[in-house]
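Residue numbers for the sequence shown follow our numbering, so the first one is 7 and each next one is one higher.
What the hints contain is simulated information worked out from the structure, not anything from laboratory work. Think of the CB as a built atom: it goes at the ideal place given N, C-alpha and C, for glycine as much as any other residue. One should not assume that every hint holds.
Claimed, not checked - With a Cα cut of at most 25 Å, we get these calculated SDA-like pairs of lysine to any residue:
1) Lys185 - Asp265
2) Lys230 - Val165
3) Lys463 - Val451
4) Lys409 - Leu428
5) Lys399 - Ala471
6) Lys234 - Pro401
7) Lys234 - Pro22
8) Lys161 - Ile346
9) Lys399 - Ala413
10) Lys161 - Leu143
Claimed, not checked - Label-pair ranges, simulated between beta-carbon atoms:
11) Ala146 - Glu273: 31 to 41 Å
12) Val245 - Asp157: 15 to 25 Å
13) Val187 - Ala361: 48 to 58 Å
14) Leu133 - Phe201: 41 to 51 Å
15) Val290 - Lys409: 33 to 43 Å
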Amino acid sequence: MSKEKTPGLRGVLTTPKIVLLVVAAAAPLAAVVGTVPLAFTLGNGAGVPAVFVFAGIVLLCFSVGYAAMSRRVVNAGGFYTYFSLGIGKPPAVAGGLVAVLSYNAASIGLAGTFGYFTKLTADAYGLVLPWEAWSALAIAVVAVLGYRQIDVSAKVLAVLMVAEIGVLAILDVFIIGHKGVQALPLTAFQPSTVFTGAIGVTMMFAFMSFIGFESASLYGEEAKDPRKTVPRATYASVVVIAVFYALTSWVAVGGIGADQVQQVAGEQLGGLFLTLGSDYVSPVLGSVMQVLLCTSTLAALLALHNATNRYTFVLGRERVLPGWLGQVHAKHASPHRASIVQTVLTVVVVGAFAAGGLDPYTNLATSLLGVGTLGIVVLQAFAAVSVIGFFRKRPDGHWWRTKLAPALGAVGLGASAVLLVLNFPLLTGTDSAVVNSLPWLLLAVAVAGFGYALWLKVKRPERYARIAVAETRSDHLELVREPEPEPGERAA
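Please work from the sequences and hints to get the whole structure.
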């Protein structure tokens, strides 16, 4: 069997570049500015930093198994491929379609988020344009970059990520410099602080803030040395995100005061960190943070666009979706058709919300980001189970890496998924029955995908047999990447 990559996909990504793609999807600055104040207010107040540490530990457990599997599976299919190899083809098709829905929903939601926050920022400087114009600009930028080779997106994200992480690092340094050891109060990690208030709500926000970290495996076929690069990028991404959130939220507790942080955050919400920047550094930093909040959202949109494309591309390549989606650009070596389809879908959905006079944030962003987040967390939990299933009868299994660690990850992620379902109205910020019924859409797509796979098994057995076909060896596993078309079937 050939070990060559799918024609057109080039191994150009190094570990740092994949880390940038993954961390950008989590939108660190946007999460800190938008999510951490909510966790302070609605969750357990000064105990938020400890919950971020807990979430990081749980996801590191998940990453142990995920990395072990990524060393043996090099494929752009992510959850879809892992499900197939770990728990079966019908769950794989169901998971693949849920992944396409979830990542698309999150991407489209970010397009609305960008339009909303950019309009607020631009209005403050006298550049008054409707939110639709700013969302259109973001969609156009992402469309151009997503059409080109992934390396181009990585270079753009490098600049944006350095800027947004750098500005919060400056804030942290100034608060610590001003308050000394009081900026890092130990009370934030005391049980009496951590286990007060709605700790379950904080856990929900914490796990939600890591969304996108699992996408490292999607770039396996475009990595220079995927069996080393992807596991390293997965570990590095979790550590970077966890340390970033935990440290910044901890310093915020110290900067405001552990006994006041819940009240102050409730009063200021999205303006909390902008105020801290102005108070402890300079009003200029507060303004810079406001601008970088917009670029952080754009970076996340680009990263999730690329992640979505890989799912659509692989499902097209394996004829689960139309085969023409599984083609790569001859020059740019990108899944350009999948990118175009996603861009068109984003334009249609955003355009429909705009035509209906709906709000880009309270209607578009919250609803689609909510359903996308829930779908991805559920997929992460099942991916952990898939790792256990994959290694169950293999000689290279290990009690910690392929059993206990992914089991702990599955339990933590499963609990997070339950919290997301129970608190979905809080996540979306609306009482709309339609919006809060969106989790049922994920279930409907999963059931439809499972049924479709069973139909393929009976009516198209040759196509069913080629879903994530694999050759297992003692030290590695290679996926068949370019199945021959069925008789009478032609890919565009």
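Take a quick look at whether Lys234 and Pro401 sit within 25 Å of each other, Cα to Cα. Holds, because 21 Å separates the two Cα atoms, which is no more than 25 Å.
Between Val187 and Ala361, does the C-beta distance stay in 48 to 58 Å? Roughly 55 Å apart at Cβ, these two residues keep to the hinted range, so it holds.
Measure nothing beyond the straight line between the CA atoms of Lys161 and Leu143; if it is 25 Å or shorter, mark the hint as holding. Given that 25 Å is the threshold and the Cα spacing comes to 19 Å, the pair holds.
When you take the CB atoms of Val245 and Asp157, is the distance between them in 15 to 25 Å? The hinted range 15 to 25 Å holds for Val245 and Asp157, with Cβ atoms some 24 Å apart.
Range agreement (Cβ of Phe201 with Cβ of Leu133, hint 41 to 51 Å): holds (47 Å)
Holds or violated: Lys463 with Val451, Cα cutoff 25 Å? Measuring from Cα to Cα gives roughly 18 Å; hence the hint holds.
Holds or violated: are the alpha carbons of Lys234 and Pro22 at most 25 Å from each other? holds (12 Å)
Okay, Ala146 versus Glu273 on CB: inside 31 to 41 Å? holds (37 Å)
Given the proposed pairing of Lys409 with Leu428, does the C-alpha separation stay at or below 25 Å? violated (29 Å)
Keeping to a limit of 25 Å between CA atoms, is the pair of Lys185 and Asp265 held or broken? holds (16 Å)
Between the alpha carbons of Lys230 and Val165, is the straight-line distance 25 Å or under? Holds - the C-alpha atoms of Val165 and Lys230 are around 22 Å apart, at most 25 Å.
Starting from Lys399, check that the Cα of Ala471 is at most 25 Å away, please. Holds, at about 21 Å.
Violated hints for the displayed structure, listed by number in ascending order: 4 and 15.
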